[in-house]
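*Asks:* Given next are the chains, with one letter for each unit.
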Amino acid sequence: MSDRPDPSAPRLAAPSPDAPSPDARRSAGGLRVSVDLNLCQAYAQCCYAAPDHFVLRGREALHYDPAPSASVRGDIERARIACPVQAIRVEDAGAARR
Amino acid sequence: MSDDTLFAQVKDEAARPDPYPLFAALRECPVSRQEDGTYVAATHAAIESLLHDPRVSSETLPPADRPKTGNPFKDWLVKPLRDHITDTHRPFIFRDPPDHDTLRAAVMRQFTQRRVQAMRARSHVLVDEILDRLGDARTIDIVDDLAYPLPVTVICELLGIPPEDEARFHAWATQLATALEPDTLQDGAARAENSRTFDAISEYMQGLIAQKRKHPKDDMLSGLATEEPGGAPRMGDFDLIATAILMLVAGHETTVNLITNGMLALLRHPEELRRLRDDPERAPRVVEELLRFDPPVQFRTRKALCPITLAGVTIPEGAPLVLLLAAGNRDPEVYAEPERFDPDRIDNRHLGFGGSLHYCVGAPLARFEVEAALTALARRLRNPRLIADPPPYRPGSALRGPKHLRLAIDGIDP
Amino acid sequence: MSDAETRIVVVGASLAGLRGAESLRRSGFTGHLTIVGAEPHRPYDRPPLSKGVLTGEVGADATALPNLVDLDADWRFGTPATRLDRARRTVTVETGEALPYDRLLIATGASARTWPDAAQGRFAGVHTLRGRDDADALRRDLAAGPKHVLVIGGGFIGCDVAASCRTLDLPVTLVETGPTLLAGVLGAHLGAVVEALHAHRGVTIRSGTKVVALEDDGTGRVVRARLADGTAIPADVVVVALGAVRNTGWLSGSGLSFDAGGLDCDADGDALDEDGRPDPRIVAAGDVARFPHPLYPGKPIALEHWGHAVAQGVRAGRRLAGLPEAPYAEVPAFWSSQGGITIKSVGLTAGADGLVIARGDPKEGRFLAVYGREGRCIAAVAFDCARWLPAYAERIAARAPFPPEPGGVDAGPMRVLPPAFPEPADEDAA
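Residue numbers (our numbering), protein chains in the order written: chain A, -12 to 85; chain B, 714 to 1127; chain C, 269 to 698.
Derived by calculation from the structure, the hints in this document are not laboratory data. Any given hint might turn out to be false.
To be verified - Part of the chain B face toward chain A, derived, beta carbon under 7 Å:
no., residue
1, Met821
2, Phe824
3, Thr825
4, Gln826
5, Val829
6, Pro997
7, Glu1001
8, Asp1060
9, Arg1062
10, Tyr1072
11, Pro1077
All residues carry an ideal CB built from backbone N, CA and C; glycine is no exception.
Using the sequences and the hints, build the whole thing.
*Replies:* As C-alpha cells, then:
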C-alpha cells in the first residue's frame, strides 16, 4: 500500500546554514512537532497539507520537521487536524509553556 | 430486541433529511443483521475493526451481465467478452490487494503535491469567479451555482478533460454513482442502465486516452497514459479507463455534498458562520468537523470472505456488509456531545473519508476545495437565509446530499 | 493533606517523564511538581537521533518534544538523581540537594551498554548512541568523512546507524554475533529479509561473528577492529550498539528491588521493595520499569518502546493523581524503518514457536507475519503494510488461536515456519 504522493523521494525543506537554530526559532514563537509513528498508517494527508514539513519515503516511512517556524503555523495545524489517526502533536511556543 | 428493518428505513427517501436518529438506533447493536441478510456495522469501533480486517473484501459488485440485444453474434461473443473485461477491470474502489494497491499507487504517483497545491490556489480563484458572476442576485442555489461547478471544474482540469465535454458526462457521473447504492445492485433495470452508461463513458475515455498518448499535456490522465514506471507494473488500458472513470465520478458526486452539507450546517449554526467569517483560519477545523457531522459518503458496502465474529455477532461467509460511517461518526463512546456541530473538538478521528486501504484518494483536494468554498461564502454572502429547511434531497442514501440549497441573500460582497 | 500541598517529583526528564507529568496535570493535580533530568536538555525525542540527526537533516536541538499541557513545574536539568531515601521521602540530586516528595514517578530510562573493555571504549572515534549529545558527537565524526565506519551490533540502533551512513555515502561494516541482523527481535527468518535490504543499500554485513578487540594507532585513536577469527577490519569510526542497561544504579540503598534489567513493579506500576511489597508512593514508567504484563505471563518485562513510554507515563500520571487505573495491559508496539521499508510490530515475539506469512509476499517487500506460541497469536510484524496491523493487535489482545485462519484478502502462504531465534546466550554475549 502506498499513498506516497510523489515518486522522487523528496527531502524536508533543508535548514539553510544561516537560518536561526530551532531553539532560536522557538523563542521567536516557533513550533515543536512530534508524530506517534505507531499510530501513523501513511495516509499522507500531512504531506499534502504541509509538503515542506512532512514527507513519505518508501511506501510508508514518514519523515517530518520537528521544529517548523511559526510562519507555517497554519499548514502545520492543517496537517495535525487532517491526520486520520490523529498521530500529530504540536506545541506552539507562541503560547509559551513552562 | 433490535429492529431488523432499521437499515431499510435508512434507505427510504423519507429518512434523507435526517437519518441520524435511525443511526442512533442502529448503534444499539454494534453489528446487526437486517431482514435481507445484510450485516450493518454502526459503532466507531466495529467499523474501524472491519475497515482493517483482511477477511473483508471490497469486491462487492455482482458479475456484469449486459442485456441481450437479440443479435446472436453480439449476444454469444461480444457480450460475454465485454462482461468479462468489466469484471476483471473494475475501478479499484471495488477491488482488493494486490491489484488494488498497484492501481492506487499509480494514481498516487500522478496525484502529486504540486498538482494538489496548484488546485488549492485555483479553487480560491474559481470560487471568486463564480460568485462574481452571480452579480447582484438576491437568491442563490448553493448546489447549482457553486457546489457542483467547483469540484467538476477542478477534477476536469486535474485529469485534463476538455470543459466543453462536461455536459455529456454530468448525467453519466450521476448514473454511475448509483453503483454505491445497495439497492441498485439488486435492480435489473438500474444495472442495465449502469452498463449502458459505463460503455458510453468508456468509449469516451478510450478516445481521450488515445489523444493524451499522442499529445500528452501536464495533467493526470496524460501522466497515467504515458508513465514509464521503473519497476512497477504499467497500467493496462482497461484498468486505465476504469480508473479514469472512477476519478471522474468521485470528483462529481462527493465534494458537491460536502460543500452543500457544510453551508447547511453553518446556516443552522449561525455563530459558527460568523466565527468563520471573522477568522478564516478556522476553515480546516470546520471542514474536518463537517466530515464527522454530516459526511457526503454515509456508508460503504463490503463482503465477508470468512466468518467474522465481532461484538458477539457472527457474520457468515459471503454476507454483505454495510459500514455505516456516518453512524460511527456520532458514536458517544468516541465523541463527547456527538450530536453537536463543534469545530473545536479535539482528536477528531472521524470516518468521513473511510479508512484503511480505501481511504479517499481525493481527500486532500476535497479539503482545499471546501475550505475555499466555505470561507468565500461566509465572507461574501450578505445576510444569507435558508429558503427551505430541510432542503430537498437527492435520492441516494449512500451518497447523500441536498438536491438544492436555496438561500435568500441581501447581496454578494466583493 | 490537601492536593495543593502535595509534592510530586518526577525523576527523568524523558518522554515517559514528560507525558507522565502532563497526565498528572490533566488529571487535576494542583500541587508542587518537580522534574529532575540528568541531561542539560529539556525532554527530547530519541527516534530521530539514529536517523535524521546523523544525516544532518534534523538538528539535534530540534528534537525537543512538544509539551502539550501547561506543567507549572520546577525543572532541574543537568542534575542526575543520586539517591533515594524512602524513609525520609527525599530524592537527592548531584548538587547534594534533597528534594522532598509525597509521591514519586521514576522514569530514568536506560543507557547504552558500553564496550566491555573500558580503555578501548575511550579511544577517539568510538561512540555509543543513546542521548542527544551522543548523536551530535557521532554526527560530527560522520560529517568529517571517515574512510571506514564499523557498527558493532545488528539491533535496531545498529541497523539505523548503518543505514544513515549509507545515506551519507560512507562505507560501513556491520558486525553481528547472531545469525542475521535483528535476529533477536524478529528471528533469523525475517532477520534475513532485513539483512538483504541493508546489503542492497551497500552495507557490508558480517553476521555470526564477533568483534573481540578495538585497536588504536598508538595515540588513542581507533584504527581497526579485531574479529574472533583473528582477522582485522579497518575502522576510523566505531559505533558500539549492544543494547541498553537500565538506569537503576542511583536506587542503591533505597530498599527497592532492581538490577541492570529494571526496577521491579507490580501490575499497578507501583515499585516493589526487596521483600516484594509495593511502595504505594512510588510508580515507575518507561524503559526502567519491569512489570508483569497480563498478555505475557511468566517473566516480568521492561519494554524499550516509544509508545510504551507514552502510554505507561500517561497511566502513571493518572495513578499518582489518585485516579483509579486498571492494570497496564497495552499491547506492546514499535516501528522501525529499515532500508526504506517500514517495519511495524504489535505484541512480543519472544518465545515464539512458529511464524506464518499471513498477508502479502516477502518477495514483493510487502507482507505481514504472525508469530505464535503454544497455539496462540503473540505478535505480528508488518513490512510496509501498516494498515493490516490493527486487526492483528485485536487478535493478540484476545489471545486468538495460532495459526490464524486462512483465506481473506491478499492471503499469504500461511505455512507455519520456525521463526529461528538465536540461542538466548548469543544476546548477552559481546
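*Asks:* Each hint: holds or not?
*Replies:* Against the structure, the hints:
no.	hint	verdict
1	Met821	holds (5 Å)
2	Phe824	holds (6 Å)
3	Thr825	holds (5 Å)
4	Gln826	holds (4 Å)
5	Val829	holds (5 Å)
6	Pro997	holds (5 Å)
7	Glu1001	holds (5 Å)
8	Asp1060	holds (5 Å)
9	Arg1062	holds (5 Å)
10	Tyr1072	holds (6 Å)
11	Pro1077	holds (3 Å)
Consistency note: the structure conflicts with none of the earlier hints.
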